[in-house]
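In the order they appear, the protein sequences are chains G and C.
Sequential numbering from 1 applies to the first sequence in my numbering.
Sequential numbering from 1 applies to the second sequence in my numbering.
Derived by calculation from the structure, the hints in this document are not laboratory data.
Fair warning: there could be bad hints in the mix.
Partner residues are not named here, just some residues of chain C that face chain G (Cβ under 10 Å, in silico) [as the list claims (entries may be wrong)]:
#1 E8
#2 H71
#3 K72
#4 A164
#5 Q167
#6 D172
#7 T173
#8 R174
#9 Q175
#10 Q176
#11 A181
#12 E187
#13 L192
#14 A234
Think of the CB as a built atom: it goes at the ideal place given N, C-alpha and C, for glycine as much as any other residue.
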Amino acid sequence: MDNYSGASWINENKLMLYNSSPENEIDFRVESWETNLDSLINKYIVFEGHSVFSEIQISNGNDVQSHSHAHRSLLRAAIQELGPDNEDDKKLVALYELVWSFCEVLFIEHLPGGCVLPYLMELMQWHFPQPVETLNDVLSFEEPMEHPKFWDCIVSLLFQGQINEALALLKITPDGGELCSFLEKMPLLNNFSGHSLSEFKISWSMWQENCKQNLESANFVLDQSVDILEILCGTLDAFIKYKDLAQTWYHLMTSYLLYTMPTVTVVTLHHQAKEMMGIYKDYLNPLDEILFSAMEFDAHSVLTQCITQFKNNWWLSAHLADILYHAKQLDDTELQYGCSLREYTLLHYASELIFHEDFWSIGMDYFMECKKLGKSYIETAVPRIPLENQNKALRVWSACEKHGLVSVGSNMCRVMSSAANQADQLGLALIWSLQAKDLVSVTKISETILDNYIETGGFSNLDFLDQLGNNKLLSNRLMFLGKYREFHNMIKTHQRNKAADLLVSLVESNLGPPRFQITLLLDSLPLINDADKSEDDNGVVMDSRQSHVLLKALEDMQIKKLLKESDMQKVETIRLALVTNLASSFLNEPW
Amino acid sequence: MATKFVGENLSCVKWVPLSNSVLDRASRCITVGRGSKTKTVSLWECSTEKIKLISKVPLSSNGTGLAFMSHKSFVTGGDDFDNQSLQVWSITGDDLEEGGTLKTRNKLTTCVASTEKLVASVGEEGHLQVHIPTQPRPVYSAKCEMCLNTCAFYLSHSVLVGSAAGQVHCFDTRQQGDTPASTMSSELVSILGIAVHTTQPFIVANSRSDGSLLIWDMRNNRYPLATFAGHASAIWEVQFEKEKSDNLYTCSEDGQLLMWNGAALSGVGGLLGGGGKVSPWLTPEISHQKMDVFNLLGSDNKLSINSFDVLQGKVVCGGARQTLFCTDSCDE
């Protein structure tokens, strides 16, 4: 690597090293390295996320809830199905899932009566599955009470509102009877269908009042039983005592609310959140800030923090911004970046994708959803997609056509045409130029084919030129080339009169390159010299007018000095033949 | 339908042929990857309920073609510029083993076709080469001045090749030389797939880069019999079903896998379709008749399906979505 004098970025994970010294002009090397998009689990969420994203755009904001569920379940599927083999990436996707779940509950779900707790509780059960795991472990013990985590397990089950599981363990404790009687009577919001919220509130306060009265008079054998009853009474100290079991402030907050304010609404949630964050203030990390912003209903802040924290991977920011926008939780106002926050995140995500060999077409789809800057970004990005083979070129071209990117597509065709030209594949070069409707290039290639004909006397296998159809109209030279092939086909099939007419019209029209005129005139020789063998038109294929036209063309060439020294012999032969033909035609033509 | 995320762009998906077509059921398929950083040749256990990886071997360059000689051996093409060759593979139990290589003149092979004894390959440089798998040197070579995208064996001794200039050339392997025995030409639209009817081999279907499908009668090939606009974008592969030979399948850049229910029009499906009755693809009214066309993948998939295969009414397919699908073909 020491030999290279300069470097230039191709894209985020490719660097071109080059040597600019004059004697070593084309010495360069491309260095590339893996991005975090290359792992299986990340690839999976990119593809599946794109599928859901496309549906959201089609449905135009209808049914946002089910689309959000789709995003969340794809993240969960990725963790469960592909997680075990990709531990590091699994952690990242698990974080996405957590942030997504919180935002879904707070911004997108329609909460009956505004009660958020049942949703949060379900979230905690999914994200902190340890209590159930410990329960199985405890139950597998011969004497479950002897298990070191017996009481921890009961508390964590109570923290997660898993009342029935907690009851199963409490029953075997000395104070079980009394505690179970409280717990069994606990009204739960999930089971309280058919009644109004105020009825629930009344019955719940009565239940807790009852608990509190008993707390003062209770005479338990074990200290832990007092702790359990204190939890049921919603005593904050009891929760703080077991805060390690909750692990995070949001888990402790959910548990605390279950025993203090089960009908809490999203609007008041952030007061509790602040209090609980205070308890964990030494352990807070950026993720906690993101979740707190969500509880404050600050979608903008959630997104900007996601952008900062997950700066190497825009999956979460882009999809979250999009779903919040469609849920009407994020406005479309233009920020100092020159576009809305949604568009900003989509542009970055798309830029990340478009230079990846697996995701370039997906990247284009994301760009196309950016109404303001998408098109200009895509116009810069597409020409940098490597076109390794014809198949890839066809795919890129087809994607450009699908998105209506005419000029980008044409430019790509020009590049392919020029590459084919350099590889001496003239036919292929012509086809790409025709695709680009590039007049200059079509003309140039047609002339090269004609030049090759002058040199070799053949068109090799370019028989597709007979199939040009309307494409001929694009360029005079191509029209000439097509017609000239037609002339040869006529000669082959012995249509001599038609061939003569076509030849004269080709000479007359000046469609061909000036240096080709002499070849055309030479082509008239077999028509004239073999005329005697022909049975039609009294042996003369060209009439006097046609002979005149050809003679004039010959004179013009001499006047314009288009002829080389070496052509003089040919000129004499042609002139002699034409004059002879003129004479014979005079004899045959009626006066 | 079963799906499996495989994590690589699939360029070819083919069922492993059955050793005994009466007793055996289609259960294993081979996939070949291209484009992605990880590229493999993989053997899968496939059913419409579950897809399971059996074995995989990493590839150093893109895999660009796949054709079976028998239920135990197959050949793949590639784009390894330093080592221009086709790779022969064998399936031994649950293992894939690399066999010999066959030298080719194409730097980038685009398609491989095979019979039990011969392997034909075409490439971007325009070479057609036919090998006997046991001999490294080709037994037949021809050169077109055009990028060739696809090839298929026609009858026992001819090979059809489709070019980027919209032509299908028929090369007779008994005559050496670059001139084709016949040529079928239409507009300047790249030919991407060729399929030969299983019981009436003079019916040939071509798929093209503009999403259209042409049907030819090889006995009179001045003009196509019919043209269908089936897909919104390039059709990568086309295939007649082996058992119900009048059913046609196409897969495309637009993410669809279509089944063209020709057997329903012929009245009698199956192998007998070719016996007494005229195939519906040969009737002049075919392009005006209402043919049932089913999209086997539903509208969810928007990314290119590059390759597929049908065997015993079961379809496997895959593509840019990096997912392998296995589904039943619906021919009700």
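Structure-based check of each hint:
1. Taking 10 Å as the C-beta contact cut-off toward chain G, the hint placing C:E8 at the interface holds, the least distance being around 8 Å.
2. The closest approach between the C-beta of C:H71 and any C-beta of chain G is roughly 29 Å, which is over the 10 Å cut-off, so the hint fails.
3. The restraint placing C:K72 at the interface with chain G is violated, with a minimum CB-CB distance near 29 Å, outside the 10 Å limit.
4. The criterion of a C-beta within 10 Å of any C-beta in chain G is met by C:A164, whose closest approach is roughly 6 Å, and the hint holds.
5. Checking C:Q167 against chain G by beta carbon gives a least distance of about 6 Å; that is within 10 Å, so the hint holds.
6. A distance limit of 10 Å between C-beta atoms decides the matter here; for C:D172 the minimum to chain G is near 16 Å, and the interface restraint is violated.
7. For the restraint placing C:T173 at the interface with chain G, the shortest Cβ-Cβ distance is roughly 18 Å, beyond the 10 Å limit, so the hint is violated.
8. A cut of 10 Å between beta carbons decides the hint on C:R174: the least distance to chain G is about 20 Å, and the hint is violated.
9. Evaluation of the C:Q175 hint against chain G yields a violated restraint, the C-beta minimum of about 16 Å exceeding 10 Å.
10. Evaluation of the C:Q176 hint against chain G yields a violated restraint, the C-beta minimum of about 15 Å exceeding 10 Å.
11. Evaluation of the C:A181 hint against chain G yields a violated restraint, the C-beta minimum of about 14 Å exceeding 10 Å.
12. With a cut of 10 Å, the hint placing C:E187 at the interface with chain G holds, because the nearest CB-to-CB distance is about 6 Å.
13. At a threshold of 10 Å, the smallest CB-CB gap from C:L192 to chain G is about 8 Å, leaving the interface hint in force.
14. Residue-level restraint check for C:A234 holds (minimum Cβ-Cβ distance to chain G is 6 Å; threshold 10 Å).
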